[in-house]
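J.: Each chain, letter by letter, is given below.
Number of protein chains: 2
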Amino acid sequence: MKKFINSVDTLLNESLSGFAMAHADIVRFNEEPHFISRQAPTQSGKVALISGGGSGHEPLHSGFVGHGMLDAACPGQIFTSPTPNQMMAAAQAVENGGGVLFIVKNYAGDVMNFEMAAEMIDCSNATVFVNDDVSLPKNHSTGRRGVAGTLIVEKVVGAAAENGKDLAACKAIGERVNEATASMGVAMTSCTVPALGKPTFILNDDEIEMGVGIHGERGRETIPIKSATEIVEQLSTAIEEELKPKKNQPALLHINGFGATPLIELHLIYNLAAQFWQKRGVDIRRSLVGNYTTSLDMAGCSITLSLLDEDLLKLWDAPVHTAALRWGM
Amino acid sequence: MKKFINSVDTLLNESLSGFAMAHADIVRFNEEPHFISRQAPTQSGKVALISGGGSGHEPLHSGFVGHGMLDAACPGQIFTSPTPNQMMAAAQAVENGGGVLFIVKNYAGDVMNFEMAAEMIDCSNATVFVNDDVSLPKNHSTGRRGVAGTLIVEKVVGAAAENGKDLAACKAIGERVNEATASMGVAMTSCTVPALGKPTFILNDDEIEMGVGIHGERGRETIPIKSATEIVEQLSTAIEEELKPKKNQPALLHINGFGATPLIELHLIYNLAAQFWQKRGVDIRRSLVGNYTTSLDMAGCSITLSLLDEDLLKLWDAPVHTAALRWGM
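First to last, the sequence lines map onto chains A and B.
Using UniProt numbering, the first residue of the first sequence is number 1, and each one after it goes up by one.
Using UniProt numbering, the first residue of the second sequence is number 1, and each one after it goes up by one.
Only chain A is shown next, with the shape it has when bound in the complex (with noise of 0.2 Å):
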């Protein structure tokens, strides 16, 4: 294993000072419990967004936090849930009298650390979960996992609490958009995990693994390696079945590149993914294309499409301001 670290230990902690203190005008980093804030006071009253789950997708969560998207983000240790603790010292340092909103993806960890540290808080909170990974069935084990979905419920819910929506009202419109989401990936490489050492799974070299996890969970199957072409037909029909847009629907089309795919690639199946949804008559009116759901440093990417509505793009397009999404401001 060659990564840029000084100790498996002490990796989490060193990214995460370099994090905070490279966008240290949008951010700040408590060390104990880990968790990182907005630098800027919000407005009494804002419902606080909180979400986290374990590091190595970065930029997710942690470069989400700022004006328009979360007020805090718990970093877990790599591919590990984080613990209530840091969740609870989260809502207790953002809370602003609108109370808490939890963000969380569909995995077991973070359902069972975010419910614990829900029910120990003394402020009024509610929950959203992710789910937009639909290479797995609806009635699978702990059901679907969320994935790439979750950077636009993040974005348009973030925009909905700037805009002084209160906590039913964000709960009920990232229950919206998670439900208009849908996501699948391919995986080309495993990621290597740090205190592993080694791949998580391996590939040979003619082979790719459709519907894989952002943690290298293993998907719908392997496969010989196919054109750009048939890999992104191969994606985006998992999604059209799921989704079964209408024509004219409105929709945002994201790119999310697992961290080690170059975004030469990236743009490619954009092309491609865009003239799949073009055909059948979905109107493309925003799109995102680059690394924000990553998995440490696997080759891969996923495609997601969200059919969001007029008001929900307006949230969409509403200023934001993070180390890794800014428009507007």
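To be clear, the hints were calculated from the coordinates, so they are not data collected in a lab.
There is no bait here: all hints are sound.
Where chains are identical, the list cannot tell them apart; a pair therefore holds if satisfied intra-copy or between any two copies.
Pairs of lysine to aspartate or glutamate residues, derived as EDC-like cross-links and limited to a Cα-Cα distance of at most 20 Å, are as follows:
| # | residue 1 | residue 2 |
| --- | --- | --- |
| 1 | K2 | E207 |
| 2 | K2 | E233 |
| 3 | K3 | E207 |
| 4 | K247 | D309 |
| 5 | K3 | E233 |
| 6 | K3 | D205 |
| 7 | K279 | E230 |
With chain A fixed as given, assemble chain B onto it according to the hints.
T.: Below, chain B without anything else, positioned relative to chain A:
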């Protein structure tokens, strides 16, 4: 080789089309000959900034086309210089009465082709050459290479041009930034050029390449992997010997990923590099961390220090609206 492509021959065209579709609000793509230019018209008399070079370094340069930065970018095939007809067509498209300033990374092919274009276009023009890579001696055969510092030149000169500075002033500012900027990189792995189908060079599992170029050129030395702290010290010391920064001198610190190195590691590198400079009394006033000048799927990163004075910092801070850099608007 596993990549998301349909064929090596169509990769660049399909990718540039996708890039322009995803960012249709900012750029347009001219297919024959290839160049990317701004969607929005510029103010009459503004100096037009044109850069370019081999593809495979995305988001450089196409991702920096837009308000406050470049007017056009000419992408060659992967790691191959663009041809003079691209620069000439781009110049004709974007020249707006203020002349054309070419910003060129110092590689023999790029220099030759941009010089040919400069001789043949019939508007006033000038060129800034960028050669910030300190891994090679100054008297190296064709001089030092232009690497991640190019972004800083393009951003600062872009703001000056937007503010109405004339061609000579823009050129002078570009040269001032280039003089004040030094970079050095390290590779963990080679990249794989699609047309070649195999890694450009081989590093053993315990080796890294100090001073690597952004096309996978071998650097100063191949050494056994060290701790992140030791790697940062070695890179930063080379930069220090070149720039000899004074106490309290303001600076921009840029950590650039080569494409396959996770953000969690780049933030750790930022932390260590910032400490290195702080110990020497350098005043790190601005930061940029991420994958901006990439080498396809190479794992590795570079450190860039740019001694921007107050005037240049103001230009760095000026509004920019491109696919890859966006703030203030």
